[in-house]
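K.L.:
Chain by chain, the residues:
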Amino acid sequence: MSAINIKVDGIEIEVEPGTTILQAARQLGIDIPTFCYDPELPSNGACRICVVEVEKARSLVASCVAPVAPGMVIHTESERVVSARKAVLTLMVANHPLDCITCQKTGECKLQDYCYRYGVSDSDFGGEVKELSHDDSNAFFIRDMNKCILCGVCVGKCQDVVGAGAIDFTRRGFVANVGPPYEDRIEDSTCVFCGLCIDSCPVGALTPKYLLGRGRPWEVEKTETICPYCSIGCNINLHVKDNEVIEVTPVDNNPVNRGHLCVKGKFGWDYLKSRDRLTKPLVKSNGVFVEVSWGEALGYIVDQVEEVIDRYGSEALMGLCSPKSTNEESYLFQKLIRSLGTNNIDSYTRHCHAPAVDGMMEAFGSAALTNSIEELASTEAVFVIAADPAESHPIIGYRIREAVRKGADLIIADPDLIGLTDLASHYLSLKAGSETELVNAMANVILEESLQDQAFIDKRTEGFAEFEKAVADYAPQSVTEKTGLSEDEIREAARAYASANKAAIISTVGIDHAGGNEKLVLALANLALLTGNLGKESAGLYLPYGENNLQGVSDMGALPAVLTGYQHVKEKAVREKFNRAWGVEIDKKPGVSAADVFENKKKNLIKAMLILDENPVSCLGGDDSDAAALLKNLDFLVVQDIFMTETAALADVVLPAAAFAEQQGTYTNTERRVQLSYPAVEAPGEAYPGWAIIAELAGWFGLEWNYNDPGDIFAEMASLTPQYAGISYERLTEEGGLQWPCPSDNHPGTPYLYEGRFGRGLGLFTIVEGETAPVPGVGLTVKGALSDHVCQCQSLNMSKRSVISNYINANRR
Amino acid sequence: MKKFIDHCCEKCTHSKENPCKDFVRCCLEGPICHESKACAEQRKEMVDRVALNEKFTFC
Amino acid sequence: MYEKHLMICGATGCLSSGSNAVEEALVEELEKHGIKDKYRLVMGGCPGFCEVGPIIVVYPDEVFYCRLKPKDMSELVEKHLVGGEIVERLLYKGPDVDAPARFYDTIPFYAKQKFNVLRNSGIVDPESIDEYIMRGGYRAFTRALNLDPAAVCEEVKQAGLRGRGGAGFSTGLKWEFTNKAPGDKKYVVCNADEGDPGAFMDRSILEGDPHSILEGMLICGHAVGASEGYIYCRAEYPLAIKRLRIAIEQAEEYGLLGENILGFGYNFKLHIKEGAGAFVCGEETALLASIEGKRGMPRPRPPFPAQSGLFGKPTTINNVETLANVPLILKEGGAAEFVKIGTEGSKGTKVFALAGKIRNTGLCEVPMGITIREIIYDVGGGIKGGRDFKAVQAGGPSGGCIPAEQIDLPIDYDSLNEAGAIMGSGGLVVMDERTCMVDLARYFLSFTQKESCGKCTPCREGTKRMLEILNRISEGQGTPRDLDTLDSLAASIKDSSLCGLGQTCPNPVLSTIRYFKNEYEEHINEHYCRAGVCKELFNYWIDQEKCTGCTACVRACPVDAIEGEKKEPHEIIQELCTRCGSCIEKCPQDCILITRVGSEADVSN
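Chains as they are written, first to last, in our numbering: chain Z, 1 to 813; chain P, 1001 to 1059; chain B, 2001 to 2605.
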C-alpha cells in the first residue's frame, strides 16, 4: 500500500498506512499531550487528553488510536481541542489532591505539566473527592490511589509485559479504581515489585518509599550504569543526591532491558549506604581485627604470601575470584596470580555453570549464549525446559511473553508449574530426572516425521549418522513411563518446536553439583542442530548464567586451564604471547579448580588463598562446613569484600572494596555484550575499587604495572584477546555495549553466533543416554540460582530478602 | 408423527446427521420426496391439533 | 384437536400483576370441571397491553379478557368455555370505547398497531419449535440458503432495515462490511443486553418468540460467512435465557443448527453468554470484551468489529429486534411487503415501550412515521387523569425529550435526531405537567453515572459533576452559572467521550435545557419547581374557594399537617408538610395546588 498524504496544523506530511495521528504528529515534532499512551502497549484511548480536531469528523478524535486516512486535515490545538483538553484537566483536578508542594512527583508530573500548559489551576465543581486510604503495606512503594487518574498504563504493563497480573481496574464509574483483586493490599497480591508501574505512572500515585522526601527531580544527578545482580546486565540510572543513591530507574532505549527491570535492579541497592560497609583495611591480631593503613595491610600480605611460596612452592597459592567482579578486576587478579607462578585461579560458583560450558564447548566449540536476549521477542517457538526464566531472569520472561503475544508457541517441560505456564501452548509435566529422555524422544519424532533441517545437517554438522541410529531407540512410546507423559504430548511438542521457522531453547544450569546436567545440554544442542536453529536470528540455545559477570570472569581467564578468551595455558604460543606482554613466565601446568579444592578434598594442597568478593563459607554450608574448616586451616587467607562476610571473618587480612556504583569497569552479560559501567557515588571511608587494590598489591609484589584507569587495563586485555580485540572504552562510550566476537575496530559486534561456522568448525551431534541426575531434594529448576544471589547479596536488609523469596513464591502458579 | 422431526414413514430421511434440504417446506406442504396421502394426513393432523384456523398457520 | 386455546400472558408486566396466580386458578377450575384436556393453555408471550394485565386471550373466538383476578376464573370457565357465552364483565372497558371491546380490532390500543416483530408473541407456545414452523418459521432461512451471501446482504440493504438497538445504522450495509472482511473465521453476535430502564421490547421477543432470533442469526451468519454465534443476554432475564436454551436445543435436534445444515454445507453453532449486570456491556465493543472473558470496557474504534471484533475476528453485532425483522424480509415476497410500511428513510415497524403518565402503558408495535400525537392519544389513550401532555422522552438515558409543540413530529430515525432526541431502543416516557424536567434529566444522569465503566475521563468524572450540579439545582442550591457549566461540560463530554454511553449521556440534560430552560431558571432563580417534584422547591396549597371540606386529604396525610373541619375549607400547615403527595392524590375536587414556597397559589395556574 502506498504512503498517505495528510495535513497536520497546516504542514503536509506523507506517512505509512497504519500510522496513527499521534505518531504522524510526533514525526513533525508536534507535541500532543498524552497520559494513557505507551508505545509498548496497545492504545487505550482512555484519558481523552490527546483528542484533536479532524475536519469533517463528527466529534473530536483520539489521536493515539485513530489511523490516518488520505487527505485528512488535522488541527492539534484548535479552540475546540483546547477547550476539550481543559475540560479533561479540570475534571481530573477536581478529583485529585492538590498537594504539589510535598508530592514527590512535582517537577516531573504530567498532570502538573499539562495544567501549566493550558492554564488550569483549580476546578470549581466543589463536589465529591476520592478519599481512599494509602496502601503502604510493602517494603518498596506507596500506592496513593487518590492521585490516580485511571490511565491504565500500569495495568497494561502488569498484565501484558510482566505477566504478574497483580492489578486491574476494579468497580466502575466514579468509584472505579486500580488495584489488586478484591482490593487486597499489594503485599498480598501476585506483585513481583518489578517497578514497571512506578516507572510508567504519569502522576504521583506510586512512589518508591525510599525516595519520599529525599530529593527533587532537579536536585538529582543521574548516572547510567549496569545492574549488578543477574547476567542480563540491565542498564539502569542511578539517581544520586549528596553522594547517596535515592532511586533507580531503567534506561529506556537500549537493546538489553529496554526500559524494564525486576525487583533486584529496581530496589536492591540500599546496601550501598549500610553502616556495616568495610571502610578500612583490617588485619587479624590475636584473633581480633585491627584497623591498619593500606601500606601496612598490603605489605603484610606480600610478606606472608612470599613465605608460603618459599616454603611450599607457588602451587600452594590459590586465587578465588567472583563472577560479580568487573572484567578489569578479574583480569588483573588472574594476571597477579599467574605472575606469582601458578595457574591456581578459579571462581567457585563458576562450577554451577560447568555443565553448560562443557556441553556447549563439546557441541559447538565455544561456550556462550548463541543468540541475543532481544531476539527472543521475535521468535516463533520457545522451548523451556529445566528452567524458570520468569523468575531467574525476568527480562527473558518478559521477552517470551512478548513472543507469545505475537503468536509464538510456548512449550514448557517442567515437573512444577513455573511462572510462564499460563501462556504455554504445550505444558509437559514430566518427572524430574527424565529430561534427557524427553529431548531424545522429541528428536526421534522430528526424524520420524521428517521435520529436520536436512540441508543444515548435511552442510554444517558431523556425527549425524551415529546420532540418528542412537535416537531410533527413543520412540515416544518407549519413554512414556519414564517421563510420565503421553505419546501425543511428546509428539505435539516436538512438532511445535520443529515446524517453526525459528525456534529457541531455554534452559538453565540449575543448582547442580553433579555432572548430570551436561547430558541435558548436549541433548538440547542436538535438538537445535537437528532443526537448523543455530546461526540465525531469533533461534538458538539459551543457557543464561546466574551472576552478572559470570561470562566476563570466564572470558578474562579467571580459570585454571585457560587465559583470556579461553586460550589454553598448555599452548606454547599462547604462553609466549602473554609472557611477552606481562614480562613473566606463566606456568604451563593447568592449576587446580575450586571444585578440586573444596569438594574433592585436594585441600591439603593449598596453603594460602586470596579471595575476591566471594563467600564460599555461606554458599557451601555455613560456619560448621568443610569449606569453613578448610579456610580456617590455611596458613594465610586474604579476603577483599564490601562487607564483613562469614568468609571474611575467617581471614587474616580483610581489604575494603568499592561496590558496583562506586567504580568504573566493564561487565560482560550472558549474551556476550560488554557494557561499561560508571561510578555514581563515592566509596565509603578508605574503600577502593578492586582494580586499584590489585594493581597496588601487584606493585608491592614488585610487579611493574602501569595503569592510570580501568580503560588502560581493558585496552591491554583486549590486545591479547581476539574476541575482544575490537572493543575499547571509546567505542563503548560512543556506541553502547558491544557483543563479542568483535575482532576489529570497525566490527559492529556479533548478536548471534555460528552464522558461518561453529567454534569447532562443524556442529557435533553427541549421543546422550540415560537419566539426568536430579539434584537431591530439588528439581532441575533454577530456584538455586536466585538464592545464590541472595547469599551473595546478603547485604540486602531483612524485609527485602523476604520479599525476594516472596518473589520466588509469587511466581509459582 | 408427534413432532415435525419424526419421520412420517420409512421413506423420510431427514435427520441432523443426514439432512434433507426440503425439510422446512415439507413440514407443512409435505411429503415432498414421495406421494402419500397418509403422510400428508399425519402432517395435517399435527397442524390441526394446534392451529385452530388459518390465522394460526402459514399458508 | 383442541376446542380452544387459552393464551395467558406470562411476560413481565402481567407476571408482576399476578398472572401466575390467575393461571393456577384457571387450571384448578378446568380440572374441577374435568375439561382440562379440551383446552390448550399456554403461558405465552406479551400481547403488549400491560396496563390492563393480567390478560387471557381466548382463541379462536379472539376474545380479549383483561384485568383478571384468580377469582374471575370460575366465571370464565363456566360462562364462556362451558356455556359458550362471553363474560362482558371481564372485557376491556375504557373512556376510549363506547361499549366493552372484544378484541384487537375493537380495542383502540391495537387499532394502529401492526404485528411484524411481535407476530408470534402471544399466539405460539414459545417452547415449541413446531408451532414456530407452523407459522412459517425457518422458511425465510431456507430461502436465504439458496441465495448467494452477498445477495442476502443486498436484499436486507434494499429493504431499508436499520438497526433497532438505537444507532439506526443500515443493517444490510453492516452485514456487507463483515461479508467483505478477509478471514475464514467470523462471528455473529446478538445484543440482548437490553439495558435502558423501562425497556422490555427485546425481552418480550426473546421470551415470546425465541426462534425468530435464531432464524435471524442463521440468516445473518450465512450472509456474512460466520460459523459461530453468541447471544449475549442479560442475566436479569432468566426466562428469556431458559427459552433461548430450549430453542437452541430444539433447533439442534432438528438439524437447523450444527453442521451441514439442511445439506447446504453450512455450519453454525450458537452459544448463550449471560451478562453480569452492566449497562455498558450493551455497547458493542464492551459486549465483545465481556464475551471474551474480560472486563466490559469499550475499546476504541477503529478497528471496527466488522474487521476485527470477537477474538479479533470479523463480527456482526445486531440487536434482538433487528434480527426478529430479518426473517420477515427474507421470506418469499417479504422485502416488498416490508418497504410498504414506514417512511422513506425508516422502513418497517418499531416496538415501543410506553411508560409514564399515559393511560395505556405497555408494548406497542407501530409503523415508522406514526406521529407522536397518534402514539400518545390513539395508541396510548391519552394522558392519565386528563392532564395536559407536556413532553415525551425518547431513547432512554441516551435520548432527549420532545416537547408538546412538536406533537405532530413523525417518529422515525431522522426526525427524532433533528429534534435532539434519538430512537434508541424504543422507550417512550410520557410526561404531563406534573413531571419536573430537571428531575427527569437528573434521573437519567444518575443512571448513567452508576453505569459508566470508568475508563475515560469525560464520562467518569464529567457525569458525576453534572449530576452534582443537577442535585444542587433540585435542592434549591443552584446558581445562574450552573446552566453555562452544564452546557459546556455536556458539550465536552459529548465531544470527547470514548463510547456511545458517554457521548449520549448528556442528551437528556441538553434537550431538557433546550426546550424547558424556563423550568431550570425557575429552579435556580426562584427556587420553584412548578411540577411539584423537587421537594424543597414548592408547597401544596389548598384552594379555599374550591375546597368542599370532604376531609379526604386530612385523613390521608401521614404527618397530620392538614387542618380543617367537615364542610369547612381545609388548610395545610407548611411547617409540618413533607410534600409526600398523599393528599393531592386523594382530593376529589382537584383543588390542591402547587405553589412557590411561602406564597399563595396564583389561581390562574
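If you're looking for bench data, these hints aren't it; they were derived computationally from the structure. Hints are supplied without guarantee of correctness; some may be wrong.
Computed cross-link-like contacts, EDC-like style, restricted to lysine to aspartate or glutamate with a CA-CA straight-line distance of at most 20 Å [what the hints assert, rightly or not]: (1) Lys1003/P to Asp2125/B; (2) Lys406/Z to Asp416/Z; (3) Lys1016/P to Asp2125/B; (4) Lys284/Z to Asp587/Z; (5) Lys431/Z to Glu481/Z; (6) Lys588/Z to Glu315/Z; (7) Lys2114/B to Glu2433/B; (8) Lys1002/P to Glu2344/B; (9) Lys2450/B to Glu131/Z; (10) Lys2586/B to Glu2433/B; (11) Lys86/Z to Asp2484/B; (12) Lys1016/P to Glu2228/B; (13) Lys86/Z to Asp2487/B; (14) Lys2038/B to Glu1045/P; (15) Lys1016/P to Asp1006/P; (16) Lys1016/P to Glu2236/B; (17) Lys1011/P to Asp1048/P; (18) Lys1021/P to Glu2127/B.
Covered by chain P, per the in silico footprint, the following chain B stretches (three or more residues, Cβ under 8 Å) [claimed, not checked]: (19) 2038-2048; (20) 2066-2080.
Now the in silico label distances, taken between C-beta atoms and shown as ranges [stated by the list, open to error]: (21) Lys2586/B to Ala57/Z: 50 to 58 Å; (22) Glu128/Z to Arg2481/B: 49 to 57 Å; (23) Ser83/Z to Thr2548/B: 52 to 60 Å; (24) Lys56/Z to Ser2016/B: 25 to 33 Å.
Beta carbons: idealized from backbone N, C-alpha and C, even for Gly.
K.L.:
Against this structure, judge whether each hint is valid.
P.N.:
Outcome of the hint check:
1. Distance hint between Lys1003/P and Asp2125/B is fulfilled; the C-alpha atoms sit about 14 Å from each other, no more than 20 Å.
2. Taking the CA atoms of Lys406/Z and Asp416/Z, the gap is near 26 Å; set against the 20 Å cutoff, the hint is violated.
3. A C-alpha spacing of about 23 Å is found between Lys1016/P and Asp2125/B, which places the hinted pair above 20 Å, so the restraint is violated.
4. With a C-alpha separation of about 32 Å, the suggested pair Lys284/Z and Asp587/Z falls outside the 20 Å cut-off, and the hint is violated.
5. At roughly 9 Å between alpha-carbon atoms, Lys431/Z and Glu481/Z fall within 20 Å of each other, so this suggested pair holds.
6. Using a Cα cut-off of 20 Å, the hinted pair Lys588/Z and Glu315/Z holds, with the two alpha carbons roughly 12 Å apart.
7. At most 20 Å may separate the alpha-carbon atoms for a hinted pair to count; Lys2114/B and Glu2433/B exceed this at roughly 31 Å.
8. Distance hint between Lys1002/P and Glu2344/B is unfulfilled; the C-alpha atoms sit about 46 Å from each other, more than 20 Å.
9. Pair hint Lys2450/B plus Glu131/Z holds up; C-alpha atoms about 18 Å apart against a cutoff of 20 Å.
10. The suggested pairing of Lys2586/B with Glu2433/B holds, with an alpha-carbon distance near 18 Å, which does not exceed 20 Å.
11. For the hint linking Lys86/Z to Asp2484/B, the alpha-carbon distance of about 16 Å falls within 20 Å, and the restraint holds.
12. Of the supplied pair hints, the one linking Lys1016/P and Glu2228/B holds, its CA atoms being roughly 17 Å apart against a limit of 20 Å.
13. Between the alpha carbons of Lys86/Z and Asp2487/B the distance comes to roughly 15 Å, so the proposed pair stays at or under 20 Å and holds.
14. Taken as a hint, the Lys2038/B and Glu1045/P pair is honoured in the structure, with Cα atoms around 16 Å apart against an allowance of 20 Å.
15. Straight-line distance between C-alpha atoms of Lys1016/P and Asp1006/P comes to about 12 Å, which keeps the hinted pair within the 20 Å bound.
16. For the given pair, Lys1016/P sits about 33 Å from Glu2236/B by alpha-carbon distance, which is inconsistent with the 20 Å threshold.
17. Note on Lys1011/P and Asp1048/P: the hinted pairing is violated, with a Cα-Cα distance of about 23 Å set against a maximum of 20 Å.
18. Proposed proximity of Lys1021/P and Glu2127/B is contradicted: the alpha carbons are some 24 Å apart, above 20 Å.
19. Counting residues of the segment 2038-2048 of chain B whose C-beta sits closer than 8 Å to any C-beta of chain P gives 1, which falls short of three, so the coverage hint is violated.
20. Evaluation of the coverage hint for the segment 2066-2080 of chain B: breached, as 0 residues show C-beta separations to chain P shorter than 8 Å, against a requirement of three.
21. Judged by the Cβ atoms, the range 50 to 58 Å given for Lys2586/B and Ala57/Z holds: they are separated by roughly 56 Å.
22. The given range of 49 to 57 Å is broken by Glu128/Z and Arg2481/B, whose C-beta atoms sit roughly 19 Å from each other.
23. Range check, Ser83/Z to Thr2548/B: about 59 Å between beta-carbon atoms, so the 52 to 60 Å window is met.
24. Distance hint for Lys56/Z and Ser2016/B: a CB-CB separation of about 49 Å, inconsistent with the stated range 25 to 33 Å.
In summary, the numbered hints that this structure violates are 2, 3, 4, 7, 8, 16, 17, 18, 19, 20, 22 and 24.
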